[in-house]
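Chemist: One-letter residues, chain by chain:
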Amino acid sequence: MSDLLRFEDWTSPVPPVEREVLSRLVEGEDEQPPLLFVPGPSMGAWAFAEHWLTHAAGRGFPAHALTPRADGDLRAHVHDVVQTAASLPRQTVLIGHGAGALVVSHALARYPARAAVLVAPAVDRWATLGAGLKTNPFGTLRGRPRLNRKQLFSAGVDAEAYLSRLVFPRRLTASKEAPRPVGSPPVLVVGSPDDRVVPRKSLDRVATRYGGAPLLFPGMAHALMLDTGWQEPIDAILDWLTKELHAGS
Amino acid sequence: MHDTPDIADRRDAVCVIGAGASGLATIKNLREHGFAVDCYERETSVGGAWNWRHDRSPVYANTHLISSRPLTEFPDFPMPDSWPDYPHHSQVLSYLERYAKHFGLGEHIWFGTEVVSAVPVGDGRWDVTTRSTGGGSSRVQRYAAVIAANGHNWSPAKPDIPGANSQEAWKGQIIHSAQFKDPAQLRNRKVLVIGGGNTGCDIAVEAAQQATTVWHSTRRGYWYAPKYVLGRPADQVNDRLLKWRLPLKLRQWLYRRTLALTTGDLTRYGLPAPDHRPYESHPIVNSQLPYYLGHGRIKAVPDVLRFAEGRAELADGRRIDPDLVITATGYAPRFEFLAPELIGTEESGRPDLHLHAFARKHPTLAVVGLLQPDAGLLPLAHWQSVAVARWLQLRREDPVRAAAVQQKESARPVSSWSRRQVVATRRHWFEVDHIAYLKSVGELLREMEPAT
Numbered sequence: 008m009s010d011l012l013r014f015e016d017w018t019s020p021v022p023p024v025e026r027e028v029l030s031r032l033v034e035g036e037d038e039q040p041p042l043l044f045v046p047g048p049s050m051g052a053w054a055f056a057e058h059w060l061t062h063a064a065g066r067g068f069p070a071h072a073l074t075p076r077a078d079g080d081l082r083a084h085v086h087d088v089v090q091t092a093a094s095l096p097r098q099t100v101l102i103g104h105g106a107g108a109l110v111v112s113h114a115l116a117r118y119p120a121r122a123a124v125l126v127a128p129a130v131d132r133w134a135t136l137g138a139g140l141k142t143n144p145f146g147t148l149r150g151r152p153r154l155n156r157k158q159l160f161s162a163g164v165d166a167e168a169y170l171s172r173l174v175f176p177r178r179l180t181a182s183k184e185a186p187r188p189v190g191s192p193p194v195l196v197v198g199s200p201d202d203r204v205v206p207r208k209s210l211d212r213v214a215t216r217y218g219g220a221p222l223l224f225p226g227m228a229h230a231l232m233l234d235t236g237w238q239e240p241i242d243a244i245l246d247w248l249t250k251e252l253h254a255g256s
Numbered sequence: 358m359h360d361t362p363d364i365a366d367r368r369d370a371v372c373v374i375g376a377g378a379s380g381l382a383t384i385k386n387l388r389e390h391g392f393a394v395d396c397y398e399r400e401t402s403v404g405g406a407w408n409w410r411h412d413r414s415p416v417y418a419n420t421h422l423i424s425s426r427p428l429t430e431f432p433d434f435p436m437p438d439s440w441p442d443y444p445h446h447s448q449v450l451s452y453l454e455r456y457a458k459h460f461g462l463g464e465h466i467w468f469g470t471e472v473v474s475a476v477p478v479g480d481g482r483w484d485v486t487t488r489s490t491g492g493g494s495s496r497v498q499r500y501a502a503v504i505a506a507n508g509h510n511w512s513p514a515k516p517d518i519p520g521a522n523s524q525e526a527w528k529g530q531i532i533h534s535a536q537f538k539d540p541a542q543l544r545n546r547k548v549l550v551i552g553g554g555n556t557g558c559d560i561a562v563e564a565a566q567q568a569t570t571v572w573h574s575t576r577r578g579y580w581y582a583p584k585y586v587l588g589r590p591a592d593q594v595n596d597r598l599l600k601w602r603l604p605l606k607l608r609q610w611l612y613r614r615t616l617a618l619t620t621g622d623l624t625r626y627g628l629p630a631p632d633h634r635p636y637e638s639h640p641i642v643n644s645q646l647p648y649y650l651g652h653g654r655i656k657a658v659p660d661v662l663r664f665a666e667g668r669a670e671l672a673d674g675r676r677i678d679p680d681l682v683i684t685a686t687g688y689a690p691r692f693e694f695l696a697p698e699l700i701g702t703e704e705s706g707r708p709d710l711h712l713h714a715f716a717r718k719h720p721t722l723a724v725v726g727l728l729q730p731d732a733g734l735l736p737l738a739h740w741q742s743v744a745v746a747r748w749l750q751l752r753r754e755d756p757v758r759a760a761a762v763q764q765k766e767s768a769r770p771v772s773s774w775s776r777r778q779v780v781a782t783r784r785h786w787f788e789v790d791h792i793a794y795l796k797s798v799g800e801l802l803r804e805m806e807p808a809t
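Going down the list, the protein sequences come from chains S and E.
So the first sequence is numbered by our numbering: it starts at 8 and just counts up by one.
So the second sequence is numbered by our numbering: it starts at 358 and just counts up by one.
Don't read these hints as lab results, they were simulated from the structure.
Hints are supplied without guarantee of correctness; some may be wrong.
As the list claims (entries may be wrong) - So these bits of chain E aren't anywhere near chain S, every CB distance computed over 10 Å:
#1 Lys458
#2 Asp517
#3 Gly520
#4 Pro631
#5 Leu795
What the hints assert, rightly or not - With a cut-off of at most 27 Å between alpha-carbon atoms, the simulated DSSO-like pairs for lysine-lysine come out as follows:
#6 E:Lys656 x E:Lys606
#7 E:Lys515 x S:Lys183
#8 E:Lys584 x E:Lys765
#9 E:Lys765 x E:Lys796
#10 E:Lys515 x E:Lys606
#11 E:Lys600 x S:Lys183
#12 S:Lys250 x E:Lys458
#13 E:Lys584 x E:Lys606
#14 E:Lys458 x E:Lys606
Stated by the list, open to error - DEER-style ranges, computed between Cβ atoms:
#15 E:Arg758 x S:Arg97: 33 to 41 Å
#16 S:Pro96 x E:Gly391: 53 to 61 Å
#17 S:Ala181 x E:Glu806: 41 to 49 Å
#18 S:Leu136 x E:Arg613: 47 to 55 Å
#19 S:Asp78 x E:Asp480: 55 to 63 Å
#20 E:Thr486 x S:Asp78: 43 to 51 Å
#21 S:Thr215 x E:Ser767: 24 to 32 Å
#22 E:Ser439 x S:Thr215: 20 to 28 Å
#23 S:Ser171 x E:Trp601: 23 to 31 Å
#24 S:Arg13 x E:Glu703: 31 to 39 Å
Heads up, the beta-carbon is just placed ideally off N, CA and C, and yes, glycines get one too.
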């Protein structure tokens, strides 16, 4: 039962690093659980600081975003997410985007999150690879794959500034499917049928794994949180969360 | 809540006794499995043994962990990775306080409330009598299960040394290690520390830096492992050997070699040679003891026979004149609120529980944290409480399968989870190998997997 015997963590713990966490806190009583946004390793906390953090805090949720460490493997990224979640004052909601959703899905086995949201989850390796080859064959085939403008953003977005901030680390891979989450948190899958990184079928498959159907936002590109229509998905996520939190207690 | 004469029925709620590390994990995991929980804690705050403010806390000013951080933290709530390999006891307390706050456990804990008795009333249910710690009227409530997480390091086991408490025989002061809090207690005194366990070694080292003279009396030779091997915490290196599944004989050989190369031979300082093989007793982890032995600051002496004529008489006939004696002779488990037969208590006082946790004849009674592992206790207590929660859940939802699991578990050989090959003393009653133990708990959890 590898779940109980964690030789890797016991014999060679993940080396600690300084972690960048951007936060938008809520004045006064924090009635809502904290949110932790986890981008894929190409982006940083900045991607959520643009719109979603402030908006979530405006609706009463203390919101935090973590910048993934440079050149970490899946295990190191999972470690950072769990460390950050455990450092927050209350049981945290994990929200992962892209490859960050892959990290979150594995972190859920290591930390009993209050709830979790997988946004445009790049969880299915082959589906993501296939979609990438279709839109951006040369970028996808590199050892350090490069996402391009067409994959990430819809036409209306002024993407230059964002593109210049992207980094291109090695592709994150999981040797096996994410284990069952501990503490059985409610999990929501969010995405767009027009995402050119994560195909629609993959969204369905991931949602089914967590016993639900994906919440879809047609017309949006992969980077939902930077899209012109960024407000719609975050509002839907927070509505879902509010409903789940009341249902649970 | 106020006193009512009749029994308040708490229906499916579970009663947890104690809000130390084991109790907190139990509350959290029961809540996660959908149980209402009432936890009773006689102190006014969480942390149990790790809370130095509590009268019964065994920690002293300079207590540090002896197992390293990754082997000590809860598996689903890690300690900050910026903390040292071996955190200080005050860090452990702040960790437990944050755990309680993070998971909102406080609202399920009744502080300043003692459990007086827990009595089975048939059908697996329990009448639990509680009373406020200061005294006052008591109250009885009925619960679906009782989980004792009351700790086993708070009731000092004191040796009976003739003459120790007689002013005529000896005028010095004798205290149990539980009463040792501050290094200032040792300053400029002639100190005799009795007991070769981790606490005894730690206090002897502390005394070596404060007292004028230090004697360290041990009855048995132990294997004194250093805290670091090859630049890594020793337990992390040891687990690598376990990961490679090296056979015990080979590990014992490696252990001897490693100790020969690091700690070296301690018998030349007068310590007795170990009378058992490595891994057959609770590990002693102390890098500084050999250092102070070598500098003459600690003098190793044998057993103390009696106090007479103002001196302590040793087994080898020598007589020494300490003015402070600290007995680091451990603690005895105590379950005053349970009739002894409920937990199968043997004549020696040792409870007999399946996996040191489940009462054999009472499926809704369990003890969490009653273990002496060769690693940190918290991970084991966590998985114990997960198993307890899942067991109670299965029993509630699928009694037929629960009965089958119970049948299967009762056939599990004790040797598969308990260290039988250990020195036969009270100190080793609950000794377990953390790997073998977690494997057994893992198998139990797998048997109870919810059907999907």
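Chemist: In ascending order, which of the hints set out earlier in this document are inconsistent with the structure?
Modeler: 1, 5, 6, 7, 8, 10, 14, 16, 17, 20, 21, 22 and 23
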